[in-house]
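My numbering numbers the first residue of the sequence shown as 1024 and each following residue consecutively.
Since the hints were made in silico from the structure, they are not lab data.
Every residue gets a Cβ at the ideal spot worked out from N, C-alpha and C, and that includes glycine.
All the given hints hold, so there is nothing to weed out.
Derived pair list, reagent style DSBU-like, types lysine-lysine, alpha-carbon separation capped at 30 Å: (1) Lys-1044 x Lys-1077; (2) Lys-1044 x Lys-1103; (3) Lys-1103 x Lys-1077.
Between beta-carbon pairs, the in silico distance windows are: (4) Val-1162 x Leu-1104: 13 to 21 Å; (5) Glu-1068 x Thr-1047: 17 to 25 Å; (6) Pro-1116 x Ala-1030: 35 to 43 Å; (7) Glu-1176 x Pro-1058: 47 to 55 Å; (8) Ala-1030 x Ser-1064: 18 to 26 Å.
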Amino acid sequence: APHERAAAGIGWVPQERNIFKSLTVDENLSAVARPGAWTVSRAYEMFPRLGERKANMGNQLSGGEQQMLAVARALVLNPKLLLLDEPLEGLAPIIVEELLASIARVVRDEGMSAIIVEQNPRMILPITQRAVVLDRGAVVHEGASAQLMADRERLDRWLGVAKH
1024 APHERAAAGI GWVPQERNIF KSLTVDENLS AVARPGAWTV SRAYEMFPRL GERKANMGNQ
1084 LSGGEQQMLA VARALVLNPK LLLLDEPLEG LAPIIVEELL ASIARVVRDE GMSAIIVEQN
1144 PRMILPITQR AVVLDRGAVV HEGASAQLMA DRERLDRWLG VAKH
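Model the full assembly from the supplied sequences, consistent with the hints where possible.
Here it is as structure tokens:
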């Protein structure tokens, strides 16, 4: 249950962007905020688009803005671990860039632990330290992200993404 995840220190961003569509952006964040370093104001600094739309209802946001709100909601829970399920799926390229930069900042600069499930490894591997590749539920690679990025043959075989 969501309250059990929050109590366990886990901020979860599901693929379906669970936000409160009938609440404003500000209400979405304030409703779940827990004491800690990540405040609603800090979330607006991370996602300026949300600050510009804080009075808008969740259902008035674009898909990308809803995804930003979902990530911001997870952050204001002040979790120890951030779980992101397909955070870049179906988003416009400009939103992907913004969201990726924010995720990178949280993971690299803020030192938050994160598990990111993503179909686009070329975008996510550069911001991660470790990578685990699953094939039909079995682990086929576990190691440094940089090592996987440098191995074009494996990238192509497992993920179909190597540049030739």
